[in-house]
Amino acid sequence: MPARRFPFLTPGSTMTALVLAVLLQFTAPPRTIAVDARLAAAAGLRVGDRVVVAANPGAAGDTVVVGAILARRADPSEITRNAYQVRMHLDQLQSLIHYGDRVDRFAVATRDSAATQVALRAINDAAFGFQAWPSHEIAAETSETFRVVSRFHRAIGVITIVASAIFLLCILLLRVDERRRDIAALRLIGLSRSTVLRSVVLEAAVVSVLGSALGVLIGWGASGLVNAYYQAFYDTPLRFSIITTGIVLFAGVLSLLLGLAAGTLAALRLVRTPPLTLLGR
Amino acid sequence: MRFTLAFATLGRHRGRTVLAVLGVAVAFAMLLDMVMLSSGLRASFRDLLLSRGFQLRLSPKGTLPFDTDATIGGAARMLATLRALPDVVAVSPVLGGQLHIPRGRGAVTSFALGVEPGVQGDYELLSGHDPRRPDELVANDELLRAAGAAVGDTLTAASGYDAQLRTMSGTRRLVITGRARFLYLSAGQSAAAVPLSTLQGMRGADAADAVSLIMVRLRRGTIVEAARRRIQSALPRVDVISTSEAMARVDQRLSYFRQLSYILGAVSLVVGFLLVTTLVTVSVNERLGEIAVMRAIGVSRAHVVEQVVLESGAIVLGGAVPGLGLGLLTARYLNHILSSFPGLPAAIDFFLFQPRAVWAALGLLALCGVAASLYPAWRAAVHPVAGALREEAIA
Numbered sequence: 000m001p002a003r004r005f006p007f008l009t010p011g012s013t014m015t016a017l018v019l020a021v022l023l024q025f026t027a028p029p030r031t032i033a034v035d036a037r038l039a040a041a042a043g044l045r046v047g048d049r050v051v052v053a054a055n056p057g058a059a060g061d062t063v064v065v066g067a068i069l070a071r072r073a074d075p076s077e078i079t080r081n082a083y084q085v086r087m088h089l090d091q092l093q094s095l096i097h098y099g100d101r102v103d104r105f106a107v108a109t110r111d112s113a114a115t116q117v118a119l120r121a122i123n124d125a126a127f128g129f130q131a132w133p134s135h136e137i138a139a140e141t142s143e144t145f146r147v148v149s150r151f152h153r154a155i156g157v158i159t160i161v162a163s164a165i166f167l168l169c170i171l172l173l174r175v176d177e178r179r180r181d182i183a184a185l186r187l188i189g190l191s192r193s194t195v196l197r198s199v200v201l202e203a204a205v206v207s208v209l210g211s212a213l214g215v216l217i218g219w220g221a222s223g224l225v226n227a228y229y230q231a232f233y234d235t236p237l238r239f240s241i242i243t244t245g246i247v248l249f250a251g252v253l254s255l256l257l258g259l260a261a262g263t264l265a266a267l268r269l270v271r272t273p274p275l276t277l278l279g280r
Numbered sequence: 000m001r002f003t004l005a006f007a008t009l010g011r012h013r014g015r016t017v018l019a020v021l022g023v024a025v026a027f028a029m030l031l032d033m034v035m036l037s038s039g040l041r042a043s044f045r046d047l048l049l050s051r052g053f054q055l056r057l058s059p060k061g062t063l064p065f066d067t068d069a070t071i072g073g074a075a076r077m078l079a080t081l082r083a084l085p086d087v088v089a090v091s092p093v094l095g096g097q098l099h100i101p102r103g104r105g106a107v108t109s110f111a112l113g114v115e116p117g118v119q120g121d122y123e124l125l126s127g128h129d130p131r132r133p134d135e136l137v138a139n140d141e142l143l144r145a146a147g148a149a150v151g152d153t154l155t156a157a158s159g160y161d162a163q164l165r166t167m168s169g170t171r172r173l174v175i176t177g178r179a180r181f182l183y184l185s186a187g188q189s190a191a192a193v194p195l196s197t198l199q200g201m202r203g204a205d206a207a208d209a210v211s212l213i214m215v216r217l218r219r220g221t222i223v224e225a226a227r228r229r230i231q232s233a234l235p236r237v238d239v240i241s242t243s244e245a246m247a248r249v250d251q252r253l254s255y256f257r258q259l260s261y262i263l264g265a266v267s268l269v270v271g272f273l274l275v276t277t278l279v280t281v282s283v284n285e286r287l288g289e290i291a292v293m294r295a296i297g298v299s300r301a302h303v304v305e306q307v308v309l310e311s312g313a314i315v316l317g318g319a320v321p322g323l324g325l326g327l328l329t330a331r332y333l334n335h336i337l338s339s340f341p342g343l344p345a346a347i348d349f350f351l352f353q354p355r356a357v358w359a360a361l362g363l364l365a366l367c368g369v370a371a372s373l374y375p376a377w378r379a380a381v382h383p384v385a386g387a388l389r390e391e392a393i394a
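Residue numbers (numbering that gives the first Met the number 0), protein chains in the order written: chain A, 0 to 280; chain B, 0 to 394.
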């Protein structure tokens with residue numbers, strides 16, 4: 000870097016200033032860095048500790064002071080990497096890794112979404128060797144891991160729903176089958192087919208609703224366990240399982256519909272059979 | 000006799016039996032998928048790592064190969080050290096970078112590997128020949144498509160941009176000499192390989208003597224872990240990673256899928272167990288009078304138990320056959336979804352078909368079937384004969 004000239008200094012005072020600057024450089028306190036909590040825990044670092052940071056193991060580096068310990072951000076793109084993180088002053092890192100006057104990316108704040116679009120166009124028109132992206136696209140790109148996992152979960156969910164539907168149908172068929180003698184008796188004392196059908200379907204609906212309510216409670220507990228386990232496992236504040244009203248409604252309605260369908264199927268079979276046949280006569 | 004009775008019982012309620020078989024089929028399909036998921040990723044990753052015969056990989060300290068942009072400096076000396084070791088048969092240095100190929104107003108950007116073609120282990124040549132001269136490259140189909148080029152064409156490619164001068168840096172004219180399939184790339188990623196010295200030269204002074212990764216092939220019969228320790232102590236500036244170590248690290252990263260496979264596999268077993276238990280128990284309850292008559296005319300308890308176990312086994316076996324097909328189909332679909340998992344080679348299968356996985360799933364299901372029949376079989380065996388006959392007569 001070329002020496003900076005100070006027009007108000009004489010040659011003698013320039014020398015004095017230079018000596019002072021050198022002394023200040025030697026006596027200046029080390030600069031600070033911030034380390035993430037996982038690294039701090041693994042390396043036993045605390046705020047105020049002095050460490051040497053270098054670009055390569057064993058290479059000469061800079062002595063710095065740990066100025067802060069950071070909690071990890073809820074960033075899906077970092078979830079599987081689990082890398083240690085150190086935050087440094089930009090110029091110090093550039094110097095340390097011989098990166099020159101370069102950066103990997105800029106973050107630009109804009110007034111509103113219209114200004115964002117204008118800025119994007121202006122930057123990309125002038126850009127050479129780089130490109131500006133809106134934050135939501137970056138977020139979508141870095142969340143690719145979770146999007147793939149979500150697609151996988153949805154597919155597993157469909158298989159689970161099919162299995163649950165068959166299970167529910169089986170149970171309700173058995174339940175109605177068990178009552179064939181009661182139903183035969185009811186038919187013999189004069190209850191109409193439609194009354195019997197409605198009562199069986201209503202029973203199936205009640206079983207489905209009660210089962211769904213219990214399922215929501217179990218799901219809520221399981222969701223809490225999943226979050227607690229994976230947040231600890233990956234050392235992240237990300238929430239892995241979220242139960243929304245939409246999910247509860249979807250599961251409840253699906254369960255009710257399946258219950259009604261199974262109840263109707265089972266009841267139709269029974270009411271179409273003569274009561275005496277149901278009694279085994 | 001036992002078989003006849005068991006099948007007659009199942010045939011009496013066809014609808015119920017069909018539903019039970021369907022339920023078991025879905026549960027078995029899920030179980031098979033989860034067994035495949037729990038072991039497939041490891042096996043697939045291991046096969047991929049060993050496919051080119053390199054047992055050790057050297058990467059910058061604290062990183063996995065190509066996990067970051069970090070490089071290993073002083074590569075020439077390091078390579079000489081490695082080649083002098085008696086256990087080492089071949090050393091393959093690799094430098095990663097980017098190639099920018101101007102096209103229209105923009106440029107096609109591709110992943111680039113600098114390799115020594117004679118010992119490289121990163122791609123399989125599909126047609127043409129390796130880049131033997133400094134101005135040659137091989138590319139995968141994705142890059143050829145994006146650049147609108149074919150084998151034999153000459154491309155202008157750069158390794159970077161100088162934004163201040165608004166020019167491309169490290170520009171070269173390169174002849175495409177072959178089509179290749181890159182083994183460790185994600186699906187749809189375009190890539191090219193050039194001689195190591197070419198990419199080092201294109202990337203400038205910083206990369207003149209740098210590599211991103213060194214792969215080491217050991218002499219046959221060498222104990223890999225012992226060789227790894229020797230190399231690690233000789234070259235402390237890098238991480239020396241064996242195949243098992245790499246697998247352990249990938250296991251750690253993707254442990255979610257293994258845990259999920261255990262949980263869902265257990266859920267499938269529980270669902271199958273409950274379904275079979277419920278159906279067989281109800282079936283036994285309905286036939287208590289019939290069973291009492293059989294016992295009264297001299298049929299032994301063991302015979303009754305065997306009949307109930309056979310009934311359960313028939314449901315399980317009946318479900319396992321369609322479940323196998325369903326499981327393989329769903330595994331293929333699920334594997335397709337996970338093949339776009341970021342940062343993983345497209346060649347890795349999460350759901351790898353292995354006969355061992357099928358046998359394991361079948362064994363677990365058979366155990367589940369036997370366990371599911373225990374309660375109804377016990378109930379059928381110990382139910383008092385006289386009481387059951389009286390109840391049947393009154394009914």
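The reader is advised that the hints may include incorrect statements.
Facing chain A, from chain B, some residues (calculated, C-beta under 7 Å) [what the hints assert, rightly or not]:
1) R15
2) V17
3) L18
4) G22
5) Y160
6) R165
7) V269
8) F272
9) L274
10) V281
11) L333
12) I336
13) L337
14) P341
15) V369
Keep in mind the hints are simulated off the structure, nothing from the lab.
Note that CB positions come from ideal geometry on N, CA and C, so glycine has one too.
Hint by hint, here is what the structure shows:
1. R15: Given a least distance of 6 Å, the restraint on R15(B) holds.
2. V17: violated (10 Å)
3. L18: At 5 Å from the nearest chain A Cβ, L18(B) passes the 7 Å test, so the hint holds.
4. G22: holds (4 Å)
5. Y160: holds (2 Å)
6. R165: holds (5 Å)
7. V269: Cβ of V269(B) sits 11 Å from chain A, so the hint is violated.
8. F272: violated (11 Å)
9. L274: holds (6 Å)
10. V281: holds (5 Å)
11. L333: holds (6 Å)
12. I336: Check passed: Cβ of I336(B) comes within 5 Å of chain A, closer than 7 Å.
13. L337: holds (6 Å)
14. P341: holds (5 Å)
15. V369: violated (20 Å)
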